[in-house]
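These protein sequences, in sequence, are chains W and G.
Numbers 522 to 825, taken from our numbering, label the letters of the first sequence in order.
Numbers 511 to 792, taken from our numbering, label the letters of the second sequence in order.
Any given hint could turn out to be false.
[To be verified] Stretch-level coverage of chain G by chain W, calculated; a stretch enters the list once three of its residues show a Cβ under 8 angstroms from a Cβ in chain W:
1) 520–528
2) 604–613
3) 617–631
[Stated by the list, open to error] Ranges between beta-carbon positions, derived for each pair:
4) Gly590/G x Pro688/W: 56 to 66 angstroms
5) Gln689/W x Leu708/G: 41 to 51 angstroms
6) Val713/G x Pro688/W: 40 to 50 angstroms
7) Gly749/G x Thr609/W: 32 to 42 angstroms
8) Gly704/W x Arg525/G: 31 to 41 angstroms
9) Trp610/G x Asn696/W: 24 to 34 angstroms
10) Leu535/G x Thr609/W: 56 to 66 angstroms
11) Thr609/W x Asp763/G: 48 to 58 angstroms
12) Ala652/W x Leu535/G: 16 to 26 angstroms
13) Asn565/W x Gly542/G: 46 to 56 angstroms
[Claimed, not checked] Lysine to any residue pairs mimicking SDA-like chemistry, simulated, CA-CA at most 20 angstroms apart:
14) Lys698/G x Arg581/W
15) Lys674/G x Tyr608/G
16) Lys698/G x Glu608/W
17) Lys661/W x Tyr608/G
18) Lys698/G x Lys661/W
19) Lys661/W x Lys674/G
20) Lys661/W x Ala578/G
It should be emphasised that the hints constitute simulated quantities derived from the structure, not laboratory data.
Built from N, CA and C at the ideal position, the CB exists for glycine as well.
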Amino acid sequence: MAQAASNLVETRALTKQYGAAVLAVQNLNLTIHEGDVYGLLGPNGAGKTTALRMLTGLIRPTSGTAIVAGGPPGSHQSLARVGAMIETPAFWPYLSGRDNLRLLARYCRLPDSRVPPVLTEVGMTEHASRAFGTYSTGMKQRLGVAAALLKDPALLILDEPTNGLDPQGMVEFRNLIRDLGRGSRTVLLSSHLLNEVEQICTRIGVIRQGTLVAEGTIDEIRGGSHLVVRATPFDEAKRILEQAVGADKITVQDGTFSLSVDTSQAAAIARDLVTGGVELTELRPGERSLEDVFIELTGTESGS
Amino acid sequence: MILNSIRAEWFKVARRPSMWITVALLLAVSIGLEYVLVYVVATHPPRGAAAARLGNALTNARIDLYPASLIKKTLANMSGLYGIFALIIGVLVQGSEYAWGTVKTSHLQLPGRITIAFGSLVSLAVLGLLMAIGLFAIDGAAAYAVALFDNVSVSWPSATDLIKGVAAAWLILYFFELLGFTLATVLKGSAVAIGVGLAYVLVIENLVFTLLDNLGDTFTRIHELFPIANAGYLQQAFGAVRAAEAAGPPPVDANHAVTAIAVWVIGLAVIACGVLRVRDIT
């Protein structure tokens, strides 16, 4: 499969089926550009973790292809440039945080000197001597990110990284991820939390029942802006608006017009209504929230 | 990559307290049951009817404690009690990875699945060798102490025989480690793997062939291909301790036993690597 130079992840019709009945991921076509902080958004059980497991080579797709960081998932070429934390961070409980990272460094043929910088990066230096088994959830998550950073990867894959954290921990973790996504590093983050994705990500993909139902920037996913108009008398206002923008771009709900037009047309529309003898009571740009779009696309409410 | 994997796997094994606790228990059981307990009973024999029933057994058991019998004494429990310790170590090395979820952590690093498995197999081989040497060392020390207590001349087996004995012990222990490792891989955990392993070692092979061997030579020949039987044959190839001399010579020679166990070792390694290679890590 040819891969555009700027795409760090590209999948084509990636599918994972368990047995005859469970289609976990179906025809997933994912494109992640270099430098993206990409959010894979979907309700619980939508297939996010299965997709990430396929991208890291932990599970093999039933069909379809993928190129991740320059190689097939799980290949030496790919893993050399990918750092990942899939689901709950798992480490050897009898080893200290530092020794866990030293162990992983041995797998990757990295020097032990690589360990202190990543511990510092995730704020774990002072806890590094404690056994992993004694860590709190937040510390485990941080060590998971530290492990993912060991190889200084071009692509960082984080699966529900704030799961199990308290509100303060979530805020700190989001800031950490935002920092990690600065510069040239690409981050692929899965989450079912809308506000998390909205705050951190530059592009998102929405997955539902194993299928990618939308992909783009947050503005693109929201579907752009529109104008909200309230005016009286209602019928006359409707006639003028239909003449101005076309009936197909007008929807009416509770006596309010919603115009699917560029917000730059607001002045012209106001002028038409006023010169037509209509009293304009409200004219403002309106935006669909990400939550509205999410519910529309997935039929569920997010956990945020 | 293979060297990195070996270093990483040994790093895990060498720093894991439960590994060394198991090894220490093995050595303690060896010296406690095989030397201290036997010596105490042999030096404080029962009187009356019990003494008549035992006959020369206690005298023979006491002579088996001297350094000249070190190899056959140390090998005597290799396919039973000591093997079970090795089985547990093999299960722990792999089964815990599934319990902790660290299989995925390892496989998200650079080496391939087979390379990581190879690192584990090498670590187990090293651990098995340390156990074999440790058993001979501690049994040797105990045998020397018994000889001093009894004021008998100390006569050691030749260095060549000792090396062969350590090698035989290592091969048997490594088979048991791999049996545990492979069961834990296939069953993705420790508890069931230990249960199945113990059932096989203690019951299944012996029970099945005790029944089948009565049906004719064909089944006896088949039995001679199985691992626990061959571990026993290999032990017996070094001679039986006096207490067990009545069992007679083994039906196959040491070469057959070594070859059969080696084939089982390779087979188990291939099964474990094959399962790790093709199975999804969930």
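Going through the hints against the structure:
1. With a cut-off of 8 angstroms between beta carbons, the region 520–528 of chain G has 6 residues touching chain W; three or more are needed, and the interface restraint holds.
2. Using a Cβ-Cβ cut-off of 8 angstroms, 3 residues of the region 604–613 of chain G lie near chain W, which meets the minimum of three, so the contact claim holds.
3. Coverage of a stretch by a chain is defined here by at least three residues with a beta carbon nearer than 8 angstroms to that chain's beta carbons; for the region 617–631 of chain G and chain W the count is 7, and the condition holds.
4. At about 58 angstroms, the beta-carbon gap between Gly590/G and Pro688/W stays in the expected band of 56 to 66 angstroms.
5. As the Cβ distance of Gln689/W to Leu708/G is approximately 48 angstroms, the hint placing it in 41 to 51 angstroms holds.
6. Range check, Val713/G to Pro688/W: Cβ separation about 55 angstroms, and the 40 to 50 angstroms hint is violated.
7. For Gly749/G and Thr609/W, the Cβ-Cβ distance of about 54 angstroms falls outside the hinted range of 32 to 42 angstroms, so the restraint is violated.
8. Between Gly704/W and Arg525/G the C-beta distance comes to about 35 angstroms, which sits within the given range of 31 to 41 angstroms.
9. The hint said 24 to 34 angstroms for the Cβ distance between Trp610/G and Asn696/W, and at roughly 29 angstroms that hint holds.
10. Here the CB-CB span from Leu535/G to Thr609/W is close to 32 angstroms, at odds with the stated 56 to 66 angstroms.
11. For Thr609/W paired with Asp763/G, a C-beta distance near 53 angstroms keeps the hint of 48 to 58 angstroms intact.
12. Our hint of 16 to 26 angstroms for Ala652/W and Leu535/G holds, since their Cβ atoms are close to 22 angstroms apart.
13. Taking the beta carbon of each, Asn565/W and Gly542/G are about 54 angstroms apart, inside 46 to 56 angstroms as hinted.
14. For the given pair, Lys698/G sits about 18 angstroms from Arg581/W by alpha-carbon distance, which is consistent with the 20 angstroms threshold.
15. For the hint linking Lys674/G to Tyr608/G, the alpha-carbon distance of about 36 angstroms lies beyond 20 angstroms, and the restraint is violated.
16. A distance of roughly 18 angstroms separates the Cα atoms of Lys698/G and Glu608/W; the hinted pair therefore holds under the 20 angstroms criterion.
17. Between Lys661/W and Tyr608/G the alpha-carbon distance is near 18 angstroms, which keeps this suggested pair within the 20 angstroms criterion.
18. Taking the CA atoms of Lys698/G and Lys661/W, the gap is near 23 angstroms; set against the 20 angstroms cutoff, the hint is violated.
19. About 48 angstroms separates the Cα atoms of Lys661/W and Lys674/G, which puts this hinted pair outside 20 angstroms; it is violated.
20. For the suggested pair Lys661/W and Ala578/G, the alpha carbons sit about 55 angstroms apart, so the restraint of at most 20 angstroms is broken.
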